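Enquirer: Please build the complete structure, drawing on both the sequences and the hints.
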Amino acid sequence: MRLLPEKNILDKFCIKFCRLIERYTEYIIVSGFVVISSGRARSTEDIDMIIPNQTKEKFEIIHKSLENDGFVCLQSNNYEEIYDYLINDTSVRYTLKNKPLPEMELKFAKDKLDDYQIKTKTKLELTGLDIWFSSIEMNIAFKENYLKSKKDLEDARHLRIVYEELINEEEIINIKRMIMESRL
Amino acid sequence: MKDQRIASVETWAKYVRSNKNWKNEHTKFINAQFKKHDRILSKLSKEKIIKLYGIKNVSGYTKLLK
Numbered sequence: 001m002r003l004l005p006e007k008n009i010l011d012k013f014c015i016k017f018c019r020l021i022e023r024y025t026e027y028i029i030v031s032g033f034v035v036i037s038s039g040r041a042r043s044t045e046d047i048d049m050i051i052p053n054q055t056k057e058k059f060e061i062i063h064k065s066l067e068n069d070g071f072v073c074l075q076s077n078n079y080e081e082i083y084d085y086l087i088n089d090t091s092v093r094y095t096l097k098n099k100p101l102p103e104m105e106l107k108f109a110k111d112k113l114d115d116y117q118i119k120t121k122t123k124l125e126l127t128g129l130d131i132w133f134s135s136i137e138m139n140i141a142f143k144e145n146y147l148k149s150k151k152d153l154e155d156a157r158h159l160r161i162v163y164e165e166l167i168n169e170e171e172i173i174n175i176k177r178m179i180m181e182s183r184l
Numbered sequence: 001m002k003d004q005r006i007a008s009v010e011t012w013a014k015y016v017r018s019n020k021n022w023k024n025e026h027t028k029f030i031n032a033q034f035k036k037h038d039r040i041l042s043k044l045s046k047e048k049i050i051k052l053y054g055i056k057n058v059s060g061y062t063k064l065l066k
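Read top to bottom, the protein sequences are chains A and B.
At position 184 of the first sequence (counting the first as 1) the number is 184 in our numbering, and the numbers step up by one without a gap.
At position 17 of the second sequence (counting the first as 1) the number is 17 in our numbering, and the numbers step up by one without a gap.
A couple of the hints might just be wrong.
Calculated pairs, DSSO-like style, for lysine-lysine (alpha carbon to alpha carbon, straight line, at most 27 Å) [stated by the list, open to error]:
no. : chain 1 : residue 1 : chain 2 : residue 2
1   : B       : 14        : A       : 7
2   : A       : 99        : B       : 66
3   : B       : 14        : A       : 148
4   : B       : 35        : A       : 12
5   : A       : 148       : A       : 99
6   : B       : 35        : B       : 46
7   : A       : 97        : A       : 107
8   : B       : 63        : A       : 151
9   : A       : 99        : A       : 112
10  : B       : 56        : A       : 58
11  : A       : 99        : B       : 56
12  : B       : 36        : A       : 64
13  : B       : 46        : A       : 99
14  : A       : 64        : A       : 110
15  : B       : 48        : A       : 97
16  : A       : 64        : B       : 66
I should point out that these hints are in silico values taken from the structure, not numbers from a laboratory.
Keep in mind that this is a model prediction, so the values were computed, not measured.
Expert: As structure tokens, then:
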């Protein structure tokens with residue numbers, strides 16, 4: 001019998017958060033953790049999650065459920081205050097109670113590109129994690145055309161190598177065009 | 001000449017592609033960062049922790065900030 005590889009601290013934290021969120025809404029994990037869970041040898045303190053816009057009533061349920069499961073929002077305990085951040089396109093950060101790291105940086109989808117990211121979400125076998133990620137093409141396009149720091153370009157290179165057979169170059173070009181239209 | 005950082009990223013990525021045990025090594029690497037972080041955190045004052053993490057909701061971290 002082959003033993004499953006042990007999950008690391010980031011994996012366990014992310015799984016716990018995702019299991020709770022998926023009871024109420026769709027979600028995607030984007031950016032750094034996509035690359036790290038795909039084997040990139042670098043660390044991070046936060047994981048980025050995008051969810052579709054929620055009503056205040058629905059968000060209250062989500063927030064209270066997070067609290068009941070041991071999560072705390074770094075910014076506030078008050079769900080209305082947290083909701084105000086989110087609807088104004090500001091992310092909020094949740095951690096486990098009394099543990100400032102790791103943190104989940106949560107935001108609402110803000111435009112058509114985020115909606116498209118959610119629509120094209122995928123699971124990545126290599127990660128060994130049963131969670132939804134934004135597509136590899138999306139992450140490469142963002143890192144190569146929008147974020148563009150040295151770290152982001154290295155992340156994109158890593159993704160291009162480990163997922164070489166799965167990558168659809170036309171889709172990357174299509175997403176880069178969408179980034180130009182809606183973010184640049 | 002190729003940037004040395006990119007060259008090392010490529011070497012590691014190729015290792016991940018070809019070695020099924022990459023995850024075990026990777027897990028040790030990631031966990032070590034957090035263990036180190038916990039050790040440092042235990043030495044910081046309440047004020048420094050609040051400032052460092054931008055904690056506005058102090059009531060969520062009462063044990064940590066004792």
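Enquirer: So, for every hint listed, does it hold in this structure?
Expert: Results for each hint:
no.: 1; hint: B:14 / A:7; in the structure: 21 Å, holds
no.: 2; hint: A:99 / B:66; in the structure: 13 Å, holds
no.: 3; hint: B:14 / A:148; in the structure: 22 Å, holds
no.: 4; hint: B:35 / A:12; in the structure: 15 Å, holds
no.: 5; hint: A:148 / A:99; in the structure: 31 Å, violated
no.: 6; hint: B:35 / B:46; in the structure: 19 Å, holds
no.: 7; hint: A:97 / A:107; in the structure: 20 Å, holds
no.: 8; hint: B:63 / A:151; in the structure: 35 Å, violated
no.: 9; hint: A:99 / A:112; in the structure: 34 Å, violated
no.: 10; hint: B:56 / A:58; in the structure: 24 Å, holds
no.: 11; hint: A:99 / B:56; in the structure: 14 Å, holds
no.: 12; hint: B:36 / A:64; in the structure: 31 Å, violated
no.: 13; hint: B:46 / A:99; in the structure: 13 Å, holds
no.: 14; hint: A:64 / A:110; in the structure: 23 Å, holds
no.: 15; hint: B:48 / A:97; in the structure: 18 Å, holds
no.: 16; hint: A:64 / B:66; in the structure: 25 Å, holds
Of the numbered hints given earlier, the model fails hints 5, 8, 9, 12; all others are met.
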